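Number of protein chains: 2
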Amino acid sequence: MIKQVLIGIVCGAAVLTAGILIGHFGITKSSAPSWVEDVAKDVDERLIEKFLSEVDNIQIQENLRELTKVPHMATTAGDEQTVQLMLKRWQDPETGLDQAWREEYMVYLSFPDPKKPNKVTVVSPSDEVLYTAREKEKTYPSDQDDPEVVQPYAAYSPAGHPKGKLVYANQGKPNDYQLLNNTVDLRGTIAITRYGGAGRGAKAINAAPYGVIGVLVYTDPLDINDGLMSDINETYPHSWYMPPSGVERGSFNGQFGDMLTPYLAAKEETFRIPVEDITGIPPIPIQPIGFEDAYRLICELGGEAAPTQWQGAFNCTYNFGPGFRNPSAFNNSDVKLDIFNYEEKKNSSNVMGVIKGSVEPDRYVIYGNHRDSWVHGAIDPSSGTSVMLELTRVLGKMVKQGKWRPRRSIIFGSWGAEEFGLIGSAEYTEQYFTKLSERTVAYINVDIAVFANATLRASGMPSLQNIIFKAAKQVNAPGLDSTSVYDNWIKYSNRTSQANGLIPNVGYLSGAGSDYAAFVHYLGITSMDISYTYDRSKTNARIYPAYHTAYDTFDYASKFIDPGFVSHQAIARTAGNVLIRLADSLIVPLNCSDYAETLEDYLNTAVTLYQHQLQERNISMEPLKRAVASFRSAATHLDQVIRSSDLANETPLTVRRINDQLMLLDRAFLDPLAFPDKYAYRHVIWASSSAGKPTFPGLADAFANTESQSSAWDKVHYHLSVLSQAIEGAAHTLGDVI
Amino acid sequence: MIKQVLIGIVCGAAVLTAGILIGHFGITKSSAPSWVEDVAKDVDERLIEKFLSEVDNIQIQENLRELTKVPHMATTAGDEQTVQLMLKRWQDPETGLDQAWREEYMVYLSFPDPKKPNKVTVVSPSDEVLYTAREKEKTYPSDQDDPEVVQPYAAYSPAGHPKGKLVYANQGKPNDYQLLNNTVDLRGTIAITRYGGAGRGAKAINAAPYGVIGVLVYTDPLDINDGLMSDINETYPHSWYMPPSGVERGSFNGQFGDMLTPYLAAKEETFRIPVEDITGIPPIPIQPIGFEDAYRLICELGGEAAPTQWQGAFNCTYNFGPGFRNPSAFNNSDVKLDIFNYEEKKNSSNVMGVIKGSVEPDRYVIYGNHRDSWVHGAIDPSSGTSVMLELTRVLGKMVKQGKWRPRRSIIFGSWGAEEFGLIGSAEYTEQYFTKLSERTVAYINVDIAVFANATLRASGMPSLQNIIFKAAKQVNAPGLDSTSVYDNWIKYSNRTSQANGLIPNVGYLSGAGSDYAAFVHYLGITSMDISYTYDRSKTNARIYPAYHTAYDTFDYASKFIDPGFVSHQAIARTAGNVLIRLADSLIVPLNCSDYAETLEDYLNTAVTLYQHQLQERNISMEPLKRAVASFRSAATHLDQVIRSSDLANETPLTVRRINDQLMLLDRAFLDPLAFPDKYAYRHVIWASSSAGKPTFPGLADAFANTESQSSAWDKVHYHLSVLSQAIEGAAHTLGDVI
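The listed protein sequences derive, respectively, from chains A and B.
Residues 2 to 739, numbered by this note's numbering, are exactly what the first sequence covers, in order.
Residues 2 to 739, numbered by this note's numbering, are exactly what the second sequence covers, in order.
It is possible that part of the hints are untrue.
Copies of the same chain look alike in the list, so a pair counts if it fits in one copy or across any two.
30 angstroms max Cα-Cα, derived DSS-like pairs, lysine-lysine [stated by the list, open to error]:
1) K357 with K42
2) K89 with K120
3) K139 with K626
4) K679 with K716
5) K347 with K716
6) K268 with K679
7) K404 with K474
8) K268 with K716
9) K357 with K268
10) K346 with K716
11) K626 with K474
12) K337 with K139
13) K346 with K679
14) K268 with K626
15) K337 with K268
16) K347 with K626
17) K116 with K137
18) K337 with K116
19) K492 with K474
20) K694 with K268
21) K346 with K626
For the record, the hints were derived by calculation from the structure and aren't laboratory data.
Please read all numbers here as calculations on a predicted model, not as lab measurements.
Required output: the full structure, derived from the provided sequences and hints.
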């Protein structure tokens, strides 16, 4: 009987268990669809660790070696070689992306004529050539010597043959010419200027109204070499400093994108404005020269001595001119420019690559850098391209092996013709304006990855700050085993935030220094730009000294910028970490309260600088104050919703709603009519400004004009309304959705 | 033993069942979250049936009676009464919305001075007043007689006292004045014009360059009354026709929104442009009068007979003038205008109401109409407001009873100051630009709900056509028991579509005739406008004859426009049906292939009209052809994805992705720089055009200018590129997301 009872119990239990199993697994009615788990997935920290460990400095070094084999100026054969390299890597079946392709634009470029090199000469009254400036930079190591090295020139300088007395015009700023004009009749002169202080093209644009007919520009050793000048033992190849014959090339146009097709993608049949309608380029010939030639010209100048602030590193007094002093070998002689630049429409390629998102393929994280250089471009831009290739190798391998697929889509862009004015990236944003506006979560730009090997430098929208910090804390600082990139960074550059205490200082992207410009200013996409950079206690160089010269080579980069490529590796790890978090986080990791803090700082500055004078004119700052307060309140509320919700168990549409609010935040600051005089600047918080105040750019610029025109107060009031409405609009984007 | 076996089986079965139940319901591990079902819910057809059955014509009639008790011109006490009525209804605990509130804007309006009424007189050479036009309309039924009835006037006409010889200028079109000027020296004259052919303000703007100093405007019985004129037995109160003293009031400005605050919401502290910078308003005084006065003035005119097309319904020859004929009572006399209009900034209110969405509260379907009228405004706009109030009553009750909550949020807008230039709706779109752009699925406008009781009339983006058809098929045509609104409609107005065969003709929203303008042109929101309208075989009236007169009363509406309010009911049912489908459908019911068909029609017309001449100038239409083909291909593909997917079982993010593509389609056609001379027109497909061709408006307008200026070919080419890029952009929005 006991046995029977036991058997009964055992059987009963077995039947019950069978029933439970059938009930649980055999009946599908209310079981969750397979996607329920997928849509709630958050970033995987183990994957990030794996990514960090796979990023390899030697791979980056070898990428750089390959990228810098030949000069690869935009649209040259060397450029095409890099296009093919990118395509090969991104289409690699083992380590490539889902898809990669090229996109071409027919863009307006400017070149020197290889058959008629530009010439700068000193010509005597009897037309004897007394001196000829060097046409090409001197060759040191052989890896710099290539027939394709382009002669130094000023892209978009008109051709022409001006001849006149030389004057020294410091940096070619408006007030430099103004001061010089007080002493010297500038009509018919050639002005020599040094780099810095004003945009390249501005040095000629500012000169022309005074009757100056030609401009030279050089880099003073004071500004680039910490005063050092000798290539016997001081400059490259002995150090990172610029040799005497080094010349910074560059684009001398003032806006971004193809100049003939404003706001339109430059396809073959696209309407082009007449060439004579182009604005912002030099109206008179301009040519860059090395400081060895500048030394000869400047130290022979006559006239009054220039002011102390105009003096450079040469061991002579920099005089105003006009003309050379008496006695001197050049006495009574003119300087003559023979500029043979020509403009041409050429096909420039972007190379695009994609990893398709698994859960939200219609959300993009974009990562980009330009591919074109002036010469070999080891640092600018190939340091960044080497890093990008290493990122795509590591991520591509994980994708190809089936180990990972990001939640959102990742788009990689290798932009063409950046050096001529951010052209490839700008055309891309024009062509794909709608879908990029609708879907892009963020843009990461890594152009020059390593300027120097001291510390991280980051710029971007304040909402990205926290995720950059998080990533930087997980990466070891190069050469410092137990210190993170973050801890190293905060020693070099920091500020105190009311909400976050002492933190590294993240800069703003208010200019157009690299390909982030169209993303930030035209599309209103949350963007960042990072690199490794200088210890400012050790150098005052404007930029790394081989910038845009023939010396920016693999040899230079590997010996003097980042031996061992560990800073490159740190940038790859930091940028890649940010990229993965942006692509994989359930909630897009943008912090809107950090944005509010910046708006409040801007507002406080504006109140301090302007409120008193505005009150005198009955213009109220209250709408602006209310707008910033609305923004703060919406940001605080949204943050609180994010923190207090169990988002992994919420409906995916709730998560998406919050993510849309965060994604669209920067778009909300756009006003296509806010800056009618500034091409493609639409973001009211980050637009460029000439006023140089740490506050709202349009307001600062409008205010600066009130000194000269009294009607300008209307423009101040107008911009205050534009700004207040935009900030209120951004607050609406963040606020409760209904 | 058998018994034991049976007991065992029964027990075993019971235990197994218990196990199954425990396994199925007792263990929660993989059961679906509760929201899985909610997010997949589609529109409920039973709910639509219930909605249709609840819409009550008598409720609409009583709404209208209450709304038209007093005149409710914008910002008057009568307007405030309607604000209170809307708020009371929408805040009703039984039948109200989730929330309702008012929003105020301080807007620039124009009024006649009640203490100094505007005067139109005939003055003899000795300054004797020989004739005075009627100051107010004649009273028939008492419901029209109210001290608050505003004197007929031309809003935004300047004040002034011009006196001069009268001339007849037909409709005041540019070519009317040109023709007249061939015969008559127009300097110092007063021109009398009839409504129609040109915008109200244009009649004065076109006149001023010829030296005309004042303008009169009236409605010719030919244009409004099918020629009938007598109030003894022909016109209201005997029929719907305009009595002899009836005067169409109106706004004489040419753009929409508050004129002092372009692109900015008109808040108290907003920057306002100087009044003298306003463009598009009459530069000389203008005043509307009734046809009884116009008859006296025109039939006494001397000079040559005007052409046949200028002749109206009066039993006299319409002569050009100048001045009155000899002999006549007015011989040698002048016409004098004494206009005392003044401008004033006043607070105008929108009343807003919301039903919050359950699944996607961050998606809006907006339904709106203006609230302000010129006088009692029974038809314009209170017919629409009565319908809106009936919709909110029926929907609000379902919400309050817990029977329904839409998937998406529904926003109702009762706009202020539409009559002065669509001001309330335009200010709303300026203030909430960001979130409306980000989140609005569609806008439904029902202004005048019933012009007449013959047939449906609908205008809107082609993508909405199918859902209007679907709704119209489910509603009985008023007065025709077994015929649907759709079947009745197709008899009155139809076309053959390549894809859809014979279908009712849906118009386009290319002008700024009602509050849809800012939604369509400035925000790029998919919009529609519907009403019941005329049998064109029975009348040639420009519009219902009491339009903007003192006769647009409850008595008029209920006797002559829609006895029994059954056409109102049909509009409420049709519009409400569309509204529910837009708010509740799992996939937003917008058909992008129907949009493609319109683009193809536009393209074919453009090719026929322009290709030959473009080829002669080496301007290629290929980019436009490619863009339209891209759009078609993307639309076909997306349609196919929608049809072939089991969307109810897809991840809600897939559904959302498709819905975002459909929602953002019209936004993709926006280009804020496409029409630099047209205020707030940004939609490249629907912008207004003066060329009158059934094709892309900017292209047609640019082409029209090539006749006069040869440089205009550049503008044609430019606009072709703008247009092609916008259409390609729209194709990207619809295309595969990555």
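Hint by hint, here is what the structure shows:
no.: 1; hint: K357 with K42; result: both (16 angstroms within a copy, 28 angstroms between copies)
no.: 2; hint: K89 with K120; result: neither (40 angstroms within a copy, 83 angstroms between copies)
no.: 3; hint: K139 with K626; result: neither (58 angstroms within a copy, 54 angstroms between copies)
no.: 4; hint: K679 with K716; result: both (15 angstroms within a copy, 22 angstroms between copies)
no.: 5; hint: K347 with K716; result: between (41 angstroms within a copy, 24 angstroms between copies)
no.: 6; hint: K268 with K679; result: both (23 angstroms within a copy, 27 angstroms between copies)
no.: 7; hint: K404 with K474; result: within (25 angstroms within a copy, 53 angstroms between copies)
no.: 8; hint: K268 with K716; result: between (37 angstroms within a copy, 17 angstroms between copies)
no.: 9; hint: K357 with K268; result: within (27 angstroms within a copy, 46 angstroms between copies)
no.: 10; hint: K346 with K716; result: between (39 angstroms within a copy, 21 angstroms between copies)
no.: 11; hint: K626 with K474; result: neither (35 angstroms within a copy, 53 angstroms between copies)
no.: 12; hint: K337 with K139; result: within (22 angstroms within a copy, 88 angstroms between copies)
no.: 13; hint: K346 with K679; result: within (24 angstroms within a copy, 33 angstroms between copies)
no.: 14; hint: K268 with K626; result: between (45 angstroms within a copy, 15 angstroms between copies)
no.: 15; hint: K337 with K268; result: neither (39 angstroms within a copy, 61 angstroms between copies)
no.: 16; hint: K347 with K626; result: between (49 angstroms within a copy, 24 angstroms between copies)
no.: 17; hint: K116 with K137; result: within (14 angstroms within a copy, 86 angstroms between copies)
no.: 18; hint: K337 with K116; result: within (19 angstroms within a copy, 79 angstroms between copies)
no.: 19; hint: K492 with K474; result: within (13 angstroms within a copy, 72 angstroms between copies)
no.: 20; hint: K694 with K268; result: between (39 angstroms within a copy, 28 angstroms between copies)
no.: 21; hint: K346 with K626; result: between (49 angstroms within a copy, 24 angstroms between copies)
Violated hints, in rising order: 2, 3, 11 and 15; the structure is consistent with all others.
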